[in-house]
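Enquirer: Residues per chain are reported as follows:
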Amino acid sequence: EESASASASASEPAGSDNQGGSDAELPLDVVVQVKATESDFWQYMIVGAEQYAKDYPDRVKVTIQGPTKELDYDKAVSLLEQVVANKPDAIVLASSSSDATVPAVEDAMDQGIPVVLADNMLNTEKYTAFLATDNIAGGALAADALVEGMEAKGKTSGKVLVVSSSAGSLVMEARIKGFTEQMKNKYTQYEMYPEILYCENDVAKALDVCAQTFSANKDIVGVFGGNNMSGNGASRYIAQEKLADEVTCVCYDSDPEEIKNLRNGDLYAMIIQDPAGFGYKGVDMAYKVVAEGYDVEANFPDKYIDTGCTKITAENIDAPELQALIDPTLLKDGKATREWPTYF
Amino acid sequence: MSEEKSKTTGKSLTSKLFSGVGPILLILIALFVVFSVIRGDVFLSGDNIQDLLLSTAVNGITALGMTCCIICGGVDLAAGSTIGMAAMVVSYFTSGQIAEGGLVPVFVAMLIAVVVGALIGFINGILINDGGLPPFIATIGMQIIIRQSINLIFEARIIAQLPTEFTDIALNTVFGIPVMAFVWFVLAIITWLMIKFTPFGRNIFAVGSNAETARLSGISLRATRCGAWMYSGVMSAIAGILLCARLGNGIPSTGSENYEFMAIASSVVGGASMSGGEGSVIGTFIGAIILQTIRNGGIIIGMNAHLLEMIVGAIIIIAVLFDKNSGSN
Amino acid sequence: MGIESNPIIRLNNIVKEFPGVRALKGVTFDVRPGEIHALVGENGAGKSTLIKCMMGVHEPTSGEIYLNGVQQRVKDPQQARELGLGAVYQDVNLAQSLTVGENFFIGNLPKTKWGTVNWKYIYKEAQKTLDELKINVDAKDTVRHLTIGQQEMVCIARTVHEKAKVIIFDEPTALLANEEVGILFDLIHRIKDMGVGIIYISHRLEEIFQICDRVTVLKDGAYVETLNVKDTNQDDLVKLMVGRDLTNMYDIEHFPKGECALKVENLTSKGVFENISFEAYKGQILGMFGLVGAGRTEICKAIFGADKFDSGKVFINGKEEHIKNPRSAMKKGVALLPEDRKKEGLCLGLSVDFNTNMASYDLISKCCWINLKKEHERTRHYIKEMETKTPSIKQLCKNLSGGNQQKVVIGKWLCRDADVMIFDEPTVGVDVGAKAEIYKLIEQLTRQGKCIILISSYLPEIMGLADEMMVISEGKLMGTLDRSEFMKDGKLDEERALRLASGISE
Amino acid sequence: MSENKSQTGFAVKAKRFFSGIGLILLILIALFVIFSVTSDSFMTSSGMYNLARATAINGICALGMTCAIIVGGIDLSIGSVAGLSSVIIAYMTSTQFWETPILASEMWWIAALIAIVMGAANGLLIGWLVNDGNLPPFIASVGMQIVLRSATQLLCRASNLSHISQAYKDFFSKDSDIFGIPLMAIVWVVIIVITYIILRHTRFGRNIYAVGSNAETARLNGISLRRTRCGTWMYSGILAAIAGILLGARIGSGSPTAGKGFETDAIAASVIGGASMSGGEGSVLGTVIGSIIIQTIRNGGNALAWNSFLLEIIVGVLIIACVLLDTINKKNS
Ligand SMILES: Nc1ncnc2c1ncn2[C@@H]1O[C@H](COP(=O)(O)OP(=O)(O)OP(=O)(O)O)[C@@H](O)[C@H]1O
Ligand SMILES: Nc1ncnc2c1ncn2[C@@H]1O[C@H](COP(=O)(O)OP(=O)(O)OP(=O)(O)O)[C@@H](O)[C@H]1O
Ligand SMILES: [Mg+2]
Ligand SMILES: [Mg+2]
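Residue numbers (the numbering used here), protein chains in the order written: chain A, 1 to 344; chain B, 1 to 329; chain C, 1 to 506; chain D, 1 to 333.
Honestly, I wouldn't trust all of these hints.
Stated by the list, open to error - FRET-style restraints, in silico, Cβ to Cβ:
1) Trp109/D / Phe18/C: 50 to 58 Å
2) Ile178/D / Pro57/A: 44 to 52 Å
3) Ile190/B / Thr142/C: 41 to 49 Å
4) Lys186/A / Arg157/D: 32 to 40 Å
5) Phe322/B / Gly26/C: 46 to 54 Å
6) Gly132/B / Phe18/C: 31 to 39 Å
7) Thr61/C / Trp98/D: 53 to 61 Å
8) Trp98/D / Lys184/A: 22 to 30 Å
9) Gly132/B / Asn248/C: 46 to 54 Å
10) Gly132/B / Glu279/C: 35 to 43 Å
11) Phe322/B / Gly258/C: 58 to 66 Å
12) Gly101/B / Ile29/D: 49 to 57 Å
13) Ser45/B / Lys186/A: 32 to 40 Å
14) Thr28/C / Phe322/B: 52 to 60 Å
None of these hints come from the bench; they were simulated from the model. We put the beta carbon where it would ideally sit given N, CA and C, even for glycine.
With the rest of the complex left out, here is chain A (with noise of 0.2 Å):
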């Protein structure tokens, strides 16, 4: 778990470095693909792409794209097939299906466009890198916080609950895997509750769900949100019934209930990751193969870059290097700057 908890670190900024051996002309042209525009966390990873853009706008020009739904598979290949058609310098890609995109991609490298992968890997060897949380490793860590804050409510047994945003996400499937085989294998002294309650990102869905398996079943003890909406709608739950003593909430990704209920202590930590690193070292990625030809395989020979997840509990709230982590729109409007990780 020492990779989980590794993050923003100092660093010097990636500011003026050599120019590498490149024919394409700056600033590159990087589009920059997520899985869905109407979504708060692929808005902090537009705004951590952007950011770079406004770091070095004679490095890069970031052209936004991505349907409006993450369910848009269909709409996401067309868009990145035209994408890859324009023939811009570099992609960066947040794709919401591990297979659909590949022929785009395979199609992208083979014409020497690199792909840089951000969140979700593709079931392809042909990308450049990629960038993620070990969603698996998160999974892990939201258990061992969990058991943490449970222990702390003096809570030693009990039932588990897990709510998930909605079925067949790939992201979301790492997190439970990993989540319920730390609860499994560490720490038998919980019981999960056998049925996985899904709120199709709806908040007031995961509200209504967890209010009803709440009452059929008295001893849950601790609830693992898998995304913010559904931490948002179990946390708020306890919040409203004033379970926050007895029942302990853990939950993935942050919005601003979350950050409220986590003041308040009726969530005990969110699990966060940077989805504003996606897109800023993945534009920098790009700039740093295309322009000076960094070698990836030389340094990460599995492509993979962990952008690390953080815990968050009522303790580190409040640090200021973490502000911009938990709400990184606080970068576009000028509120708050952060010194970004140098993985590469």
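Start from chain A and add chains B, C and D with the ligands according to the hints.
Expert: Frame of chain A, contents of chains B, C and D with the ligands only:
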């Protein structure tokens, strides 16, 4: 003639009230019996009944407006996005994140959201009446436009820091009933009175049944249609405001998961006819409770979420099948 | 004619029950080749139901059907068609968005050798039949664009084209004017001469005497009698149908001219009607006569605010009014009983109760609150007044027979209590008994000093009732005749009116 | 003289052919002009190749939807049918749950046939519910939408099915084309032709119009309502299943949420193409143009990197505007 008179007066008030909703009332009772037998301790507990009402309220309120549109011979597929728009509008105007202490007092913000809902309904009504668009098309177009406008205007981001006086609405109770459910009951009664006792209510039926006849009978099609869709817009807006209070944040995707389909299903399960001119508030009320009861009970007895959803789909079909075909035998 | 051959079709003891209604109580009936057999009876007597049983639309509760002496069960309309039964129904039954030609072959489209639809053949055949019958319609036209009269002719042509052995006409003349009635009768005679058996349903009894050989009377779903037409007369027939004597129905009281209630000046709607000017007085009946398509309906709809017009003035009670929509017309005291009861007069899916009150809820509500008691009272009152046959005030209008539906529409407009009442074809599909009731009602209204405008394509009716008669042809006012002008020695001068209606000015 | 006559004959034919679609054809041409001027990547062969591939799936769904709309109904279950269809193939050819998949990679077409049968069965059920159960088509198909979606989730145990038949993926891959036309687009074109022939030149097709125009008339004329309705929804189900087969190949895995929301685009394409929600009206050509218009807006807009929300708003406005113009047009003529 006298025979018939004695027959009608002989009917008790309750049997009059529930005439036509018999079959679905049976379904509701059957569901209650099944769930009570399996997990009566939880299902019938006061907490759960409260929760059932609370979780039905949003759909229940939306369905009231939807019923009016269906009676008027159309549907309002923009209901879900109107919910979202109202939630975002009320959040925008009250959030501490936008302005210290909110831009306007909570009450005013709610009013603005309701006005926005009415405005959306008005546009729908005009498109349908003056533009001659089929309601299905007009409102599906509006659905897309409103939903994406929410994303565009509010940058697809959650609005937080809503005042507690607003979010507390969802937590409080009146006479032991959650405020949301209470509002739903009141609106249901208002809608019932409107449909039963006002010329506007009757006009909705006339227009839905035969618009040309209604026009030649001196009923203003424009006023009736705009009124019906505005009523639906207002109901959706109220539902959106309450939902927003319940969620504690303005979430751009509020109301996007099949909210209009569920409202239509509630109305139709409750006996409304998609070809217009038919529908009842009590039926819709029961219809909404049926749909939520399956979900509520199913989760309580620990059913697989997907299996449960499958049953919801099947129940919608079966309930309507039952309703449409029980009359003729 | 009296061909004593074996019947093509024989219905034996047919019973048909609907929920709550016993529409047919054992009817026996037959048709021989080459005869025209009339089926008469009051509204709701079961005529339409009987032929629907025959055509496989309804399944009879009991009873047998024999075709050429062989018992048959007619399962569905398709089978009826294969057995050689054809029908022209009471309500025009065409697929509105399809072409005329396609409607001819609908359900049984001819194929090419490739298995695809043979369009050429369809249009050629349909056009041939239309031309033979002198129907001025293009087979490639979409039905929606035709007038009701034209649509009806297409319906008939289609049935003729199918070469059915038995053809049923359910009130075919209800929507036609004299000229077309003539064409239709010629047509029916020709079909008859081909040896086809014809069933003819009509409320216009003189038509029975004009073309029919035998007549069967139904009353309240029961079989009454079958007579040879030449052995009977109109009065006897009426007596059998209604159960009482109905001597001259048109003999209503006429009242002196009151003030001018409605004045129209140079009303014009381009391409539909032009420069229409007339005055209508209180206590008077103003008749409007013309052939189908003359534009009478449009004139009245324009006055009523239901259609737009280009220029002209409308004065009500001496004051010029700008009527924008039906609602404002009603507020000014004008009412219009539309001609097409199914499309414009009724909400078929709603109750009698609702339909009676729907135009006048404002009169029985206070501060937007409807007085439900009054609503029911009024409905009962008009049901009684007009003897509407309905099991309850909650019965849906679609379950009433055609004539009873018409009575509900009239009731609706009586509820309005308007000063100027425009009746557009008020007796279409209404039985003799009820017609007499309606005429009495009109008489009573004039006694109360109301102004009545009566549109009818049925000349005897309009001449019998009107104090003054306007004749319209192709949107132009051909002339206005006073009662004294068209009553010659107590007899009607039909010729003059018809000449005017055909556009021949004096 | 004779020449003149044949000319007018041709003109009449052309007029009939284009009647009702003139407006949308103009819109399409305008869009093409705008995008080829403003974007240098739009009007390229690869741009067109992509456009054709991207339109195929919605294009096929929309044709089925058009039939359902013409018969006087609607089919809101097509998204779920497409999803289930793709998952059936994935389920039978993937190694997710078994060491050796049910079907060998090359045998994927058997699964595809099963998917088509499933689509037909679903259509049969909806047709039956509508005809014999008196259910409004909206409700029958929404109900089946929910049921099939849940069945899909259950079938793939709420997870993504990866490692599906490679042969299947390759079959419809980007590089499989015939004479430079992508195979997916060819499937679509074949279906366009078949649907055109069915609707225009077969009795069944004409019965669809007759039933949609006036069911009672159709019945009185001896058309079997049951057969026509069941047949229409079956056809729509089959097309949705075929779209699902293409979809599965395109996303390369079985996803429990695949196909969600397809019905909206399909309805949009149909009504932009002139189908009337009251039944009895609609044309294959119109729907095809409608599908292309929607995809052109998306592709062109993306090429110019327009805001994705704005693009969808344009689609929404277009739906309303096209129907509005069509209504005004009809009123005037
Ligand atoms: N579908 C139905 N459901 C219930 N009752 C019906 C139905 N169809 C007809 N009836 C009833 O059956 C009776 C006979 O109706 P029918 O239409 O045959 O009369 P009709 O002789 O054709 O009258 P009209 O001259 O007015 O057309 C009426 O009382 C009518 O109310
Ligand atoms: N939908 C329509 N579109 C275009 N013209 C029409 C339409 N309906 C009627 N007309 C035209 O308006 C004129 C009057 O039509 P209409 O048949 O209503 O007259 P009418 O005198 O009321 O006849 P009747 O009442 O005997 O059927 C005719 O010239 C007809 O062609
Ligand atoms: Mg009749
Ligand atoms: Mg007329």
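Enquirer: Which numbered hints turn out to be false for this structure?
Expert: The structure breaks hints 4, 5, 14; every other hint is satisfied.
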